[in-house]
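Novice: Chain by chain, the residues:
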Amino acid sequence: MKTAPHVYLIDDDESVRKSVARLLRTEAYQVEDYCSAQEFLETCRMAQHGCIVLDLRMPGLSGEGLQDKLLAMKEALPIIVITGHGDLRIRASMLKKGAVAFLAKPFDDQELLDAIEAALVRNRREVEERSEA
Amino acid sequence: MELAHLYERAPIALCVTDTDHRYVRINQQLCDINGKTIEEHVGRTVYEVIPHLADQIVPMFQGVIDTAEPVLDHEVRGETLSFPGEERFFLGNHFPLISEAGEVQYVHSMVRDITDQRRAEASLKEANDRLEERVRLRTAELVGLGEELDVAAAERVRAQEEASRNKAELAHVLRVRSMGELAASISHELNQPLTAVLTNAQTALRLIGKKKPDLEEVREILEDIVSDDKRAGEVIRRLRTLLRKDPVAQETVQLDELVSGVLPLVRSDALGANVRISVKSAPNLPPVEVDPVQVQQVVMNLLVNAIDAIRGLESEGGDIEVEISRAGKQGVSVTVVDNGPGIPAKEISEVFKPFVTTKTEGLGMGLAICKSILDAHGGTISVENSAPRGCCFSFVLPLKQRAAS
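So the protein sequences, as listed, match chains A and B. Just so it is clear: in the first sequence, position 55 is 55 by my numbering, and no numbers are missing. Positions in the second sequence are counted from 1; adding 133 to them yields my numbering.
You can take every hint at face value.
Within a straight-line C-alpha distance of at most 25 Å, the following computed DMTMM-like cross-link-like pairs (lysine to aspartate or glutamate) qualify:
| id | chain 1 | residue 1 | chain 2 | residue 2 |
| --- | --- | --- | --- | --- |
| 1 | B | 345 | A | 27 |
| 2 | B | 258 | A | 111 |
| 3 | B | 258 | A | 108 |
For the record, the hints were derived by calculation from the structure and aren't laboratory data.
Same shape as in the complex, but just chain B:
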């Protein structure tokens, strides 16, 4: 009596079927799932009660009867009367009940509705697929950006070709143009968030593959992926603004505004190296006529160099001062002063030549490109060590561009 009551009220769906697959006993939970009353089950076969699911169930029942072995974690999916028009998922354990004569007399079944769990897994999988797709798209964008960089670099090299006499050096520059230090600095900015996104997405996939996935952890991962994706997107957005301008266009610009536009691109480098950058600008500067993208690249390269110079020291950070002022009647100058170690005296006259570098990871291209850009603009660039330490780069652009010789 108590057992019958327990069977009836058990918080899991239960039934007993005989060797003809007729229901002998069934509890309320399973009746609710099947959408029929106890009376509509008892004495009828599985085919009669749930015809659309019977093909998944009857062969398994027959297996339990034939082998006298239980079947565990048997999954059934399909529509039920209780949820018309919906695909539901059920997980069942089925045990043979053996008579005294040693033959299987009944099959005892316990069934759990796992639809909610399956749906949660599916939506997580879908969210991850979407994120992986975004990572893939971002990567494709990066490749595209690389090509745009190539175009910009090719323009730069062509300008240098006109300006320089040493064709052999230039051929070398052309071959390695896309590996310049600027590209390396940008790829570093993008690589970090992309690495975090990939690792997080793959970790989430590992987590949801587990028996009891920690959904809270998965949620935190997805939040991190979203914020890293935005971080990478922000770098790309800033770069696009820089690169989409026509690289050979001559525009009338204010050098102080141009310098301000570069600062956000090196901000994270500066923070990482604990470097403060301050900008001082003379009032009422006349405009210059330049290719703004190329001149921004010069400014960025000087800033990245200054940051790297300070980064190499084991001191408590450093300072970079950028000053924009009049250079006589004919030009405007930009000066970048750092308090790093300076440049060894015997190397200082060589720094604008290609493949001369004081950095362990440098290619020695950055300053050579800067010089070629200034040559093409009819400007000049120079360097000196400053007291008590550090070095001072400064370039001058003429108010009106002269033809490069």
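Pulled out of the complex, with its shape left as it was, chain A reads as follows:
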């Protein structure tokens, strides 16, 4: 029996966090949510299989700052960005650094679920490549 994939959700807005976590649980993902990038870095033990859904503008370390820190780690999980700010420069920069998708709030549920599936496919491939290497 396979365990459900992990989705790590990081957003400082409680309403957004609660609603997105609920959507993902309804769709049978294992969700862990965090209200800041710092909290995530300090407390999360990331599973090998999963992905990260990340808000951009948060108090303290920003979404892009977290991406940079995760890139410095060896086994980073794929990132999906959700943001109310369509800043083109940050969008281009984060996609270039490997973010799977950059979704503008408010987004359609299917848009997010599709992006998560794409991220999980990429995650499985990367884990396989790492184990072969």
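Starting from the structure of chain A, add chain B where the hints point.
Specialist: For chain B alone, kept in the frame of chain A given last:
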């Protein structure tokens, strides 16, 4: 005998019909649904007993007889004698009973009344449709607000045009006016609840599409939608109060009251960045004659900048002090001091020029607009770094407005 008793008392509606669709056997549950006695059923056809539902039932019975295959989850809807004037919903499973000769002799039916379930689903769907409609209306309001903002911004730009000598810079300002940092801050305030409402509503739709919807979960979702909708409505209400005033009107106002009116608009930003804002006001300040909306925008912009400056630090929050006092005999000043990182010395003389910003997400429009507003009012705005850290913006408005040169 026991089986007959069980059939009679089973908590599900049961009947057996023959190949002419005549009732051979029926239990009390189904009699209750049809509103007739056992005697009124046995020996009569479906057409005779329930004529208004027979067209939905007889062709299906004939199908079971012709194919010798059961029909499962067959839904029938319509009025019954037991509930006159009401549409009821029934779900039935129908099995062929085959004789030793291998032919279908009877159809055995089990029927469940699913009216309550259907109605619960319908009212949930309706509640969701209503909420989605509200989200749609709110979005339309937002678009309207955006247009009002455009109007306010256009007025601002026109004032700047009169005040500034650099027409080339102004053309650029005009093109990006609606993308100013103020609009970005407001859209952030509205985007969060709208995102939560949309995600919650869509999740509720997914839940009620399931075989056994968790109604308690759906109720919690609806409660969250209601509170987020109110939260968005509150932002819009505050904005309307700010924007509906005539943007070119000159009014006599107290600057301390004007500053107090801005604080609620930046409260959630301040909380999110763990920033305390304190206001100190000198007693008996004389009034000034200004366009209150434009001056509120200046105050809001300075506060948002100060919050952003502190937010960027990895420290434990910060403080903003706003002070309103007399500036000599001719004016009233408002000073905003933060304990953020301050502005690099080589950039401090540039901050009021368009497209100069120290923020990663900024457009560099906010302070340029502030300066244009003060120019148009015959006022001044200045900045200096304060010791030991942070910076201090202050603007002065004259007691009586002079014509802009």
